[in-house]
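First to last, the sequence lines map onto chains A and B. Take 1 as the starting number for the first sequence in this note's numbering and just add one per residue. Take 1 as the starting number for the second sequence in this note's numbering and just add one per residue.
The set of hints was computed from the structure by calculation and includes no laboratory data. All C-beta atoms, glycine included, are put in the ideal place defined by N, C-alpha and C. Please note: incorrect hints may appear among the correct ones.
Unchecked claim - Pair ranges (Cβ atoms, derived):
#1 19/A <-> 122/B: 42 to 48 Å
#2 51/A <-> 115/B: 55 to 61 Å
#3 26/A <-> 147/B: 32 to 38 Å
#4 142/B <-> 32/A: 34 to 40 Å
Unchecked claim - Using 20 Å as the maximum straight-line C-alpha spacing, the simulated EDC-like pairs for lysine to aspartate or glutamate come out as follows:
#5 149/A <-> 73/A
#6 231/A <-> 108/B
#7 97/B <-> 215/A
#8 193/B <-> 14/B
#9 287/B <-> 261/B
#10 231/A <-> 103/B
#11 97/B <-> 208/A
#12 298/B <-> 230/B
#13 97/B <-> 210/A
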Amino acid sequence: MSWFSVSRFGAVLYKEFIQMRRDRMTFAMMIGIPILQLVMFGYIINSDPHHLPTLIEMADESPVARAVLSGMETSDYFKFEGIVTSAEEGDQALRDGTANFVVVIPPNFERDIVRGLSPKLLVSADASDPTAVGTAVGALSGIIDTAVKQTFQGPLAPVAGQPPPFSVVVHKQFNPASKTSLNIVPGLIAVILAMTMVLITAIAIVRETERGTMETLIATPVRPLEVMLGKILPYVVIGYIQTVVFLIAGKLLFGVPFLGSGLAFFIGFNLYIVVNLALGFLISTLVRTQMQAMQASFMTILPTILLSGFMFPYAGMPGWAQVIGSAIPATHFLRIVRKVMLKGAHLADITGDLRAIAIIGVVIMLISMLRYRQTLD
Amino acid sequence: MSTTPADSVSDRSEPAIVVKGLTKIYNGKKVVNEVDMSVPKGAIYGFIGPNGSGKTTTIRMMCALLTPDGGEGHTLGYDIHKDARAIKENVGYMTQKFSLYGDLTIRENLDFMARMYRVKNRKKVVDETLRTLGLEGRGKQLAGTLSGGWKQRLALAACMQHKPALLLLDEPTAGVDPKARRDFWDEIRQLSKQGVTVLVSTHYMDEAVQCDYIAYIAYGKKLIDGPATEIPHQVGLTTWRVSGPDLVQLEEELRADPRVEQVARFGAQLHVSSTDSAGLDAVVAEKSGENDARKWEKKEAELEEVFIYLMATAADNFGVNGGPSA
Chain A
1 MSWFSVSRFG
11 AVLYKEFIQM
21 RRDRMTFAMM
31 IGIPILQLVM
41 FGYIINSDPH
51 HLPTLIEMAD
61 ESPVARAVLS
71 GMETSDYFKF
81 EGIVTSAEEG
91 DQALRDGTAN
101 FVVVIPPNFE
111 RDIVRGLSPK
121 LLVSADASDP
131 TAVGTAVGAL
141 SGIIDTAVKQ
151 TFQGPLAPVA
161 GQPPPFSVVV
171 HKQFNPASKT
181 SLNIVPGLIA
191 VILAMTMVLI
201 TAIAIVRETE
211 RGTMETLIAT
221 PVRPLEVMLG
231 KILPYVVIGY
241 IQTVVFLIAG
251 KLLFGVPFLG
261 SGLAFFIGFN
271 LYIVVNLALG
281 FLISTLVRTQ
291 MQAMQASFMT
301 ILPTILLSGF
311 MFPYAGMPGW
321 AQVIGSAIPA
331 THFLRIVRKV
341 MLKGAHLADI
351 TGDLRAIAII
361 GVVIMLISML
371 RYRQTLD
Chain B
1 MSTTPADSVS
11 DRSEPAIVVK
21 GLTKIYNGKK
31 VVNEVDMSVP
41 KGAIYGFIGP
51 NGSGKTTTIR
61 MMCALLTPDG
71 GEGHTLGYDI
81 HKDARAIKEN
91 VGYMTQKFSL
101 YGDLTIRENL
111 DFMARMYRVK
121 NRKKVVDETL
131 RTLGLEGRGK
141 QLAGTLSGGW
151 KQRLALAACM
161 QHKPALLLLD
171 EPTAGVDPKA
181 RRDFWDEIRQ
191 LSKQGVTVLV
201 STHYMDEAVQ
211 CDYIAYIAYG
221 KKLIDGPATE
231 IPHQVGLTTW
241 RVSGPDLVQL
251 EEELRADPRV
261 EQVARFGAQL
271 HVSSTDSAGL
281 DAVVAEKSGE
291 NDARKWEKKE
301 AELEEVFIYL
311 MATAADNFGV
321 NGGPSA
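My request is simple: use the sequences and hints to build the entire structure.
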């Protein structure tokens, strides 16, 4: 049997296993990625998110109003986080993302019910992420019906029949048609920027080391800052071009508006790019080859897509996943982009997100500085 | 072939490189172990040693790419601990691997390096470099497409554009064909004539003999250094050369003899060496009586025999003392 030698085949097989085991990075990826994906897809993806932050504007504190609210809260979809006293305050909360819903109980709610005037209960929903609020909105009428049936007993029993004693008006703000593309396109800017900036920076720096050109470079009088800035700036330009293309294409193809402050967007955008470049730089100090740089970048991109709220509603993720998600720069930039583009947010509305990105950035830079010093020798 | 080093030795001017007790530790292992060296101005200084002996690390410390863990030194009068930038500006360093940009053209590479050193009249200098290289017509060719020999000449030219007084070449001819190696050495000698000090590491013996001075390093320890012509004398090795029939048989017999320290085959000859000159002569007297067809000839040991001898001794003493000192 000279056409196939089992021992030669075995030798190749054995060699391949040895090499696979020696390349720790790849090995870790092979084991790590499936586990990561399993956990993320299994636990985090939740298109039926509960406990959505909700604010109440209470112009009527009657037992009926209380019954409706407690019905909503026991449904687990809504989590009441406070009271607002004016419509402006409610709008602001929706715009800066502190609440997904604002429930408005109109004045004389109970009295109007008793009089058969069928008052309107207003629910303002932040529909910029239609998936996040969609199921809660859908469940709303059922929840209220049940609450009403339990309340209107005894003397109030007659009004509980047909027609319904009051109507629920859902006001889908920022994205009335619940178009998913309005949510996805701004989110894509955050994800695509993260992918290119991290990957390209990591690879561009590792490539110099791998090809041996870094040694020549270091042997010249060039200063590290000159190298870093010179290497990174071209990719910042790429990031600018990508974003402009995205904004234009998003507008032309999907009708995604840009309602908010250009300045707020510009500041958030630049901060985000800097943080991603720093992350790419950090990766480049941790790996030795371009292949490893690619794998490591991929490791950061996966959570960026899955945990940032880009693909699946942040509010639907379990608490621990939200903690991880809040450490990802894209999570915060995503919010900035959606707020500015869809909700017309201004600089004041995004300060919290800016601060979060800045903190992440400082931490990444500190770590990479420590790493860089060690790799000089 | 080598110039007369005696002149340079008497030269009172400060050496181009002088290091004392230079030490570098990686993972608890002394890859460079208290190396003392002095490279006279204007000399071609050969830095010889097997692979992994610490040559590259030593050179990197001399041009301030690495911080020594111990020892001190001056390169071109600048402190290797403190004056890294001044050293980098005045030294030309050529790395072992071709490390210009393969995806830039020849001209772009030269231009880039000229800008790194802030060379004045850049355009003129780059043109001049291309002309000297004989690559005027090929400035737009990608550097990655050059042959191994040309890549090395390009790299050499690139690190000479800022007219450094000292050139550090780390195995510049490794993996380059013999013709290209000869051309490369012609260029090194040209530069030396113009007054440039050249420190070149190599493990080719035919290159070692072209140097004015030599330092031999193994396992991170400098075993010997001095003017090339004096090295064999310093070691005190006596060598007999023998040619004739049945050398394989003779080689075995000689190896078994404790008075013979080294038997090495060079073409059709055996080179039989020992530091025990009298003992060796006695062995030769015995053996030459056995077979008249063999021709025996006593000669001064050459560098190659000396280095083989040093290497063998160093290996024996690794971790203890590091072999004979100069």
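Kindly indicate which numbered hints from before are broken by the structure, ordering the numbers from low to high.
none
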